[in-house]
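Engineer: Protein chains in written order, with the numbering used here: chain S, 1 to 351; chain Z, 1 to 351.
No wet-lab data here; the hints were simulated from the structure.
Fair warning: there could be bad hints in the mix.
No copy is singled out in the list; a pair is fine if it fits within one copy or between any two copies.
Below, a list of computed lysine-lysine pairs in the BS3-like style, where the Cα atoms sit at most 27 angstroms apart [stated by the list, open to error]:
| hint | residue 1 | residue 2 |
| --- | --- | --- |
| 1 | Lys32 | Lys317 |
| 2 | Lys283 | Lys317 |
| 3 | Lys275 | Lys144 |
| 4 | Lys136 | Lys87 |
| 5 | Lys183 | Lys144 |
| 6 | Lys19 | Lys231 |
| 7 | Lys136 | Lys117 |
| 8 | Lys317 | Lys138 |
| 9 | Lys317 | Lys12 |
| 10 | Lys12 | Lys117 |
| 11 | Lys138 | Lys117 |
The residues making up each chain are set out below.
There are 2 protein chains.
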Amino acid sequence: MDGNAIVFTNGKLQDNAAKTTHGLIRGSARYKVVGVIDPVHVGKDAGELLDGVHRNMPIFSSVSDFLDKSEEKADYFIIGIANAGGKLDPNWMPEIEASLQAGMSIVNGMHEFLSEKAEVASLAESHNASLIDVRKPKARGDQKFWSAEIYEVTCPIIPVIGTDCAVGKRTTARFLMEALAEKGVKAPMVYTGQTGWMQGNDHGFVFDSTLNDFVSGELEHAIVSCYREVKPDMILVEGQSALRNPSGPCGSEMLISGNASGVILVHPEGRTYYKGWDFTGKKIHSIESEIELIRMYGVETLGIALNTKLVNLEEAKAAQARYKESLGIPVALPVEEGVEELLTPLMALLG
Amino acid sequence: MDGNAIVFTNGKLQDNAAKTTHGLIRGSARYKVVGVIDPVHVGKDAGELLDGVHRNMPIFSSVSDFLDKSEEKADYFIIGIANAGGKLDPNWMPEIEASLQAGMSIVNGMHEFLSEKAEVASLAESHNASLIDVRKPKARGDQKFWSAEIYEVTCPIIPVIGTDCAVGKRTTARFLMEALAEKGVKAPMVYTGQTGWMQGNDHGFVFDSTLNDFVSGELEHAIVSCYREVKPDMILVEGQSALRNPSGPCGSEMLISGNASGVILVHPEGRTYYKGWDFTGKKIHSIESEIELIRMYGVETLGIALNTKLVNLEEAKAAQARYKESLGIPVALPVEEGVEELLTPLMALLG
Chain S
1 MDGNAIVFTN GKLQDNAAKT THGLIRGSAR YKVVGVIDPV HVGKDAGELL
51 DGVHRNMPIF SSVSDFLDKS EEKADYFIIG IANAGGKLDP NWMPEIEASL
101 QAGMSIVNGM HEFLSEKAEV ASLAESHNAS LIDVRKPKAR GDQKFWSAEI
151 YEVTCPIIPV IGTDCAVGKR TTARFLMEAL AEKGVKAPMV YTGQTGWMQG
201 NDHGFVFDST LNDFVSGELE HAIVSCYREV KPDMILVEGQ SALRNPSGPC
251 GSEMLISGNA SGVILVHPEG RTYYKGWDFT GKKIHSIESE IELIRMYGVE
301 TLGIALNTKL VNLEEAKAAQ ARYKESLGIP VALPVEEGVE ELLTPLMALL
351 G
Chain Z
1 MDGNAIVFTN GKLQDNAAKT THGLIRGSAR YKVVGVIDPV HVGKDAGELL
51 DGVHRNMPIF SSVSDFLDKS EEKADYFIIG IANAGGKLDP NWMPEIEASL
101 QAGMSIVNGM HEFLSEKAEV ASLAESHNAS LIDVRKPKAR GDQKFWSAEI
151 YEVTCPIIPV IGTDCAVGKR TTARFLMEAL AEKGVKAPMV YTGQTGWMQG
201 NDHGFVFDST LNDFVSGELE HAIVSCYREV KPDMILVEGQ SALRNPSGPC
251 GSEMLISGNA SGVILVHPEG RTYYKGWDFT GKKIHSIESE IELIRMYGVE
301 TLGIALNTKL VNLEEAKAAQ ARYKESLGIP VALPVEEGVE ELLTPLMALL
351 G
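Using the sequences and the hints given, assemble the complete structure.
Structural biologist: Pasting the structure below:
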């Protein structure tokens, strides 16, 4: 555990833009979340707001409100919302500065880096605080090429991929990790995004801020390091985007360079178009078609997890039953029922 | 035309490692190649050595040999060989320094940058020479995200992709560009590698040295810019790697984010394993399987180009006939017969 943190969502705690925060509320081994800064939801508990579970994470209107009222101290201020383009919003700066002045270090997952802003860097230095730019690419010489070492990994490697972005791949992987742990199965998650790092996963890399030539090698290196250092029973891999997302297809690296033993596929029931691209008319492909594509990469889909944000419980259950029947594989509703359904095919891989 | 250049291959002119040089010998609108530096092949003509066509490109043993004997002057020294990992070989430095001392600028396509080496940078400065690190990533703020603007392009977009890397995708695209030009069809090639830039193509980006998040956007931006500025009849796109190459799968961005109208698929006849990965036992997929995968991305394969380096003419002709029969699409032997065969389906797209 690195320390206590407050997470900044600036009025957007319930938006998809705050999915980093949602992940941190659900659980982080790196930071203990002691508050959320969000003027719209002041006075509520962030856990309750997310999924009805009270987690003792009060919401404050501002950093100064937190400093005044909280009994907890915070070591970190985490930017918990994303912006289109990964840019820092100038409106965030007063809260970032207030945190630095209170001696907090800043955790920033944007593509734009605080450490490159002279004024912010100087403010941080004068308060002995750090600027942690999670997406800052590794130094060139530290990046790995793919080497085929992946074939030395003898435990199952299971990417959790999706038919679209923002469907809950990381959350599903985390649920699987926890459910497997309860069965005594050590199945760490290799992270591939900044939130996964913030949640304290030990092995991984930030996929989207890696130079293309090194993506497969960094992925392999993360999986192989996890295998050698943790000696796991199974390795889960956080997926990114979707194989046919027009704005940035992704996934074949996980299937091929990551030598996947099988995948869990997350699908947003009721979503028609690729998220954010409704106006293009580009439809998300059916689960059946996605399974077929994954099979072309030599990998079988072991189970489905349904994101049910757009449907009610009855519709979710009906979809679950329908997919089970037509696909012949387990279909889970992670938020409503957990991921127990998916453990059977995963445990079967352990022999 | 930027100026005259000598190309450095250090004994490896006939190796695949010198494929940048092979491309430059075949033609560049940016540099006039006035010599090749290769101690193993001194005294020969580089064009003749490549494909039997004399191109008045004499081979010298060293930069000093070139300076002594050539009647031409050179403005540029191009590193024309690649190294595993894209590192600069210390053995190359004496020739690089000799070129700088003669006032030549250095064109470097490696992942390691000359401009970051203090001694080289100072030597360049004192001789008023430039260090052109082609793979140096763009400044963060200059990189584009995908925006769906690609759908405004109304001319056909044709990626030339392969079933493996190092099969002649760029060369095939170049042959197509030239053959189409002869028919009065303006079909520029959007480059995606450093050699494509060196050859003087106006639009493109270096795929493998782009941060993953911006790959689809930079590709789109290159195609859209080409469309707006050149008003072409068709746009060819240089492919990279292969959809299922384990060391770095690539191609779905070209198919989906690049909104491909169809593809030309290049296949290395007689090659069994993915290049460089024989020891893994990972076999290149059949053309049939690759066409099926490409179709899963919503794109049809319009024709095949066979790389015949590993087979004799008779075998090449037999394979050509066999694929034509089984696939029902044109199959070209670019080196032996040109790409005329492939023009029919391409011209048909022009309506």
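Engineer: Among all the numbered hints in the text so far, which are the ones the structure does not match?
Structural biologist: Result: hints 1, 5, 6, 8 and 9 break, sorted rising.
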